[in-house]
Amino acid sequence: MIDCKKAALLVEKKKYVKLPFFSVFGLKFHMSICKDCRHYENDSKAIDHLIKMVYDNSAKLSEEEKQKMIEKLQER
Amino acid sequence: MKLEKTTIDTSQWVQEYADYLFNFALSRLNDEDLAKDLVQDTFIAGMQGLSNFKGNSAVKTWLVSILKRKIIDVWRQKETRKTDTFSSYFSKGPLGEGWLENHRPKGRISEIEEAMENAELKTAIFGCVQGLPEKYKTVFMDKMVDEKDSEEICKEHDITASNFWVIIHRAKLQMRECLEKTWFND
Numbered sequence: 001m002i003d004c005k006k007a008a009l010l011v012e013k014k015k016y017v018k019l020p021f022f023s024v025f026g027l028k029f030h031m032s033i034c035k036d037c038r039h040y041e042n043d044s045k046a047i048d049h050l051i052k053m054v055y056d057n058s059a060k061l062s063e064e065e066k067q068k069m070i071e072k073l074q075e076r
Numbered sequence: 077m078k079l080e081k082t083t084i085d086t087s088q089w090v091q092e093y094a095d096y097l098f099n100f101a102l103s104r105l106n107d108e109d110l111a112k113d114l115v116q117d118t119f120i121a122g123m124q125g126l127s128n129f130k131g132n133s134a135v136k137t138w139l140v141s142i143l144k145r146k147i148i149d150v151w152r153q154k155e156t157r158k159t160d161t162f163s164s165y166f167s168k169g170p171l172g173e174g175w176l177e178n179h180r181p182k183g184r185i186s187e188i189e190e191a192m193e194n195a196e197l198k199t200a201i202f203g204c205v206q207g208l209p210e211k212y213k214t215v216f217m218d219k220m221v222d223e224k225d226s227e228e229i230c231k232e233h234d235i236t237a238s239n240f241w242v243i244i245h246r247a248k249l250q251m252r253e254c255l256e257k258t259w260f261n262d
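Chains R and B supply the protein sequences, listed in that same order.
My numbering applies: residue 1 is where the first sequence begins, and numbers increase by one.
My numbering applies: residue 77 is where the second sequence begins, and numbers increase by one.
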């Protein structure tokens with residue numbers, strides 16, 4: 001039997017790896033009877049989405065700032 | 077002669093790697109000025125340690141490893157000043173046989189998305205990531221933000237695959253709970 005702790009872990013894992021059949025089955029069954037874990041899965045997906053939006057890695061340094069860096073390095 | 081070559085290389089470093097390193101630092105510190113300073117320091121340290129660079133990794137990877145150490149130093153300085161941490165969080169954890177009464181997920185996090193334009197939300201998410209224990213934070217960021225390969229992360233942090241999943245799982249539990257508490261004020 002899969003308990004909530006295991007279910008919450010599998011919820012994360014299955015986003016990245018293919019789970020073995022018995023885990024898939026066990027998780028599905030657990031989810032069908034556990035509202036808390038269904039909520040957890042929704043929350044978990046929402047967090048993934050939020051993180052992607054917040055950390056978009058699109059910041060850029062201006063050419064001026066880069067020039068400053070180069071100058072500082074050349075001073076050395 | 078050697079010095080001249082070094083100078084040319086480092087000027088290319090700035091053009092090639094500055095933005096990447098800046099984003100890396102910014103995502104982990106949420107402080108533009110500090111991120112810029114650390115990038116500059118990283119280039120300086122890289123230049124000074126050039127003789128130690130064996131060339132068995134890409135320059136970028138090597139510079140990132142220098143930057144990572146600097147970021148961890150900043151975290152540690154902040155850690156000592158922090159009063160409200162989740163450090164005791166996993167001595168008990170939100171899960172016993174089932175979800176403990178005050179820790180039960182309510183499935184409300186998706187409601188937060190609507191406030192995405194809100195600067196407060198960014199601060200909340202950032203604050204929650206910062207609250208993670210150091211090891212969780214580095215692994216979580218590598219996976220969730222940089223989307224690095226799990227095996228690669230395990231190698232870098234010298235952890236087993238099952239250890240890796242436990243870290244991701246626990247970091248996520250803590251993030252979820254922290255966001256819910258911060259955002260919904262309960």
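Be careful, since some hints might not be right.
Derived pair list, reagent style BS3-like, types lysine-lysine, alpha-carbon separation capped at 30 Å [stated by the list, open to error]:
id	chain 1	residue 1	chain 2	residue 2
1	R	Lys35	B	Lys146
2	B	Lys182	R	Lys60
3	R	Lys5	B	Lys136
4	R	Lys72	B	Lys112
5	B	Lys257	R	Lys68
6	B	Lys112	B	Lys182
7	B	Lys130	B	Lys198
8	B	Lys219	R	Lys72
9	B	Lys154	R	Lys68
10	R	Lys66	B	Lys257
11	R	Lys28	B	Lys146
Where chain R lies over chain B, by a calculated footprint (3+ residues, C-beta under 8 Å) [what the hints assert, rightly or not]:
id	region
12	92-98
13	148-154
14	245-258
Don't read these hints as lab results, they were simulated from the structure.
For every residue, glycine included, the Cβ atom is placed at its ideal position computed from N, Cα and C.
Just pull the numbers of the violated hints for me, sorted ascending.
-> 1, 2, 3, 5, 6, 7, 8, 10, 11, 13
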